[in-house]
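**Student:** What follows is each chain in one-letter form.
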Amino acid sequence: MNAPDRFELFIIPDGVKKITYTYDPKIDNAATFVIQKEDHSLGNLIRYSLLKEPQVIFAGYKMPHPLEHVVVLKVMTTKDTKPEAMVAKAINDSIAEVSHLRAKFVEELGRVRTQMAAAPDKAGEKDQDHEILHSTPQQAQPVQLRHQEPIVTPESSQPGVYLPNPNVDMDF
Amino acid sequence: MNPQIDLTDRNGLQGDKWVGPKPEIKIQDLTEENIRFTLSNTDLSMANALRRIMISEVPTIAIDMVEIELNTSVLADEFIAHRLGLIPLDSTEAEKIKYTRDCSCSQYCPICSVEMTLNVKCTQENVTKDVTSKDLISSDPRVVPIYSGKNAPGVLIAKLRKGQELKIKCIAKKGVAKEHAKWSPCAAIAFEYDPHNRLRHTEYWFEEDEKKEWPKSKVGAEEPEPSEGEPFDYNLKPNKFYFNVE
Ligand SMILES: [Zn+2]
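Just so you know, the sequences run in chain order A and B. Residues in the first sequence are numbered consecutively from 1, following full-length UniProt numbering. Residues in the second sequence are numbered consecutively from 1, following full-length UniProt numbering.
Hints may be right or wrong, so weigh each one.
[What the hints assert, rightly or not] Per the computed footprint, the stretches of chain A lying under chain B, defined by three or more beta-carbons under 8 Å from a beta-carbon of chain B, are:
(1) 1 to 10
(2) 71 to 79
[As the list claims (entries may be wrong)] No more than 30 Å apart at the CA atoms, straight line, and that leaves these computed lysine-lysine pairs for DSBU-like:
(3) B:96 x A:17
(4) A:18 x B:150
(5) A:104 x B:96
(6) A:37 x B:150
(7) A:52 x B:134
(8) A:62 x B:237
(9) A:17 x A:62
(10) B:134 x B:150
(11) B:98 x B:218
(12) B:134 x A:104
These are calculated hints, taken from the structure and not from any lab test. We treat Cβ as the ideally placed atom computed from N, Cα and C, and that holds for glycine.
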């Protein structure tokens with residue numbers, strides 16, 4: 001009856017930004033990020049990724065309330081960088097890692113399917129009712145990544161210079 | 001503010017090249033309905049995010065709106081509507097179908113939905129007619145009910161006696177399981193790491209002897225068993241994750 005709509009879990013209302021941040025009034029190089037309509041999948045991933053950075057002194061996240069689909073991320077960095085830059089790097093690193101993982105999975109799937117096509121009897125014995133995926137292996141095709149947007153912005157094409165991903169809706 | 005930071009000396013992303021840890025994936029078993037694989041060289045957060053996303057954020061197609069024209073069966077309209085929603089449909093082409101909320105139409109249209117009809121009447125005396133997902137007629141050959149194996153019976157929707165009839169129009173839409181579990185692409189995901197509890201992320205309850213009372217993990221052979229009295233290394237991190245997706 002008065003249950004919140006289920007789509008509130010992932011639909012960002014009009015005029016609300018995906019991610020906002022405020023600097024900590026008392027601690028230098030510390031900021032609180034509020035990410036809308038996300039959960040532990042993303043929160044924990046970014047936190048883990050941040051903690052791998054030597055310049056990150058503190059990184060933690062919470063979901064303040066189970067009915068509010070918001071992730072609050074607190075980050076403190078050393079003086080030679082900024083929290084928002086480290087968060088952007090953490091996000092880009094995670095995207096790159098997932099892209100790599102996707103390519104690896106497609107490659108492995110191709111390998112397994114070729115193997116099964118070569119020895120279908122063995123597989124059939126094991127599981128008669130279930131038809132084995134016999135389609136031709138696709139490993140030769142280069143993987144088209146869905147996140148083909150440039151991970152590094154055009155302005156930063158010189159090596160070593162890094163800018164946050166423009167597709168992540170943050171204004172720096 | 002545009003902080004320009006040199007990242008050449010760090011792991012992770014260098015320019016647009018990933019030089020951080022490279023996750024590895026190994027498939028042990030693959031059938032139409034099941035995949036067993038091992039993910040390694042990555043973090044617990046990545047493995048867990050993968051698991052969570054497989055459960056709740058992969059878009060699929062499921063019946064979302066039902067218009068019941070005629071229902072003289074013993075089951076209530078909403079009961080049948082709920083059962084229709086849970087029927088697994090082929091969602092391989094889900095990427096090509098729009099979410100209704102992103103579509104320009106007001107309720108549904110061929111761009112964001114697939115229409116299916118169910119039209120069954122029992123005419124025979126003293127027989128119970130099973131209405132299954134095989135009776136669902138889809139307007140789109142890409143989105144049809146799926147079965148395990150060729151000879152599998154369809155998913156049972158209702159049972160009819162003589163004179164009882166069902167005339168239903170269904171609208172299948174794209175969605176994610178965060179909204180309703182009927183859009184979940186998987187039945188179950190088994191996720192396991194650290195079979196010998198080296199990391200002490202858990203503590204086994206036991207009456208007399210832990211080793212006697214707890215069965216060994218099936219994936220235990222994948223990792224070396226710690227020797228008796230080995231000191232606890234609190235710097236260890238989980239590195240190998242075992243998945244089974246149904
Ligand atoms: Zn539409």
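**Student:** If you draw a straight line from the CA of residue 18 of chain A to the CA of residue 150 of chain B, is it 30 Å or shorter?
**Tutor:** Violated, at roughly 46 Å.
**Student:** Can you confirm whether the C-alpha distance between residue 37 of chain A and residue 150 of chain B stays at or below 30 Å?
**Tutor:** Violated, at roughly 41 Å.
**Student:** Quickly compare the C-alpha distance for residue 134 of chain B and residue 104 of chain A to 30 Å and report which way the hint goes.
**Tutor:** Given that 30 Å is the threshold and the Cα spacing comes to 37 Å, the pair is violated.
**Student:** Does residue 96 of chain B pair with residue 17 of chain A here, judged by a C-alpha cut-off of 30 Å?
**Tutor:** holds (27 Å)
**Student:** Straight-line Cα separation of residue 98 of chain B and residue 218 of chain B no greater than 30 Å?
**Tutor:** violated (42 Å)
**Student:** Would the pair residue 134 of chain B and residue 150 of chain B pass a check requiring their Cα atoms to be no farther apart than 30 Å?
**Tutor:** Judged against 30 Å, a Cα distance of about 12 Å means the pair holds.
**Student:** Counting residues of the stretch 71 to 79 of chain A that have a beta-carbon nearer than 8 Å to any beta-carbon of chain B, does the count reach 3?
**Tutor:** With 0 residues in contact (Cβ-Cβ under 8 Å with chain B), the coverage given for the stretch 71 to 79 of chain A is violated.
**Student:** Below or equal to 30 Å on CA atoms is what counts here, so check residue 62 of chain A against residue 237 of chain B.
**Tutor:** holds (22 Å)
**Student:** For residue 17 of chain A and residue 62 of chain A, compute the direct alpha-carbon distance and say whether it is at most 30 Å.
**Tutor:** holds (19 Å)
**Student:** Are the Cα atoms of residue 52 of chain A and residue 134 of chain B separated by 30 Å or less?
**Tutor:** violated (52 Å)
**Student:** Verify the proposed pairing of residue 104 of chain A with residue 96 of chain B, using a straight-line Cα cut of 30 Å.
**Tutor:** holds (24 Å)
**Student:** Count the residues of the stretch 1 to 10 of chain A whose CB lies closer than 8 Å to any CB of chain B, then report whether that count reaches three.
**Tutor:** Held - the stretch 1 to 10 of chain A has 4 residues with a Cβ nearer than 8 Å to chain B, which meets the minimum of three.
When the structure is compared with the earlier hints, violations turn up for hints 2, 4, 6, 7, 11 and 12 and for no others.
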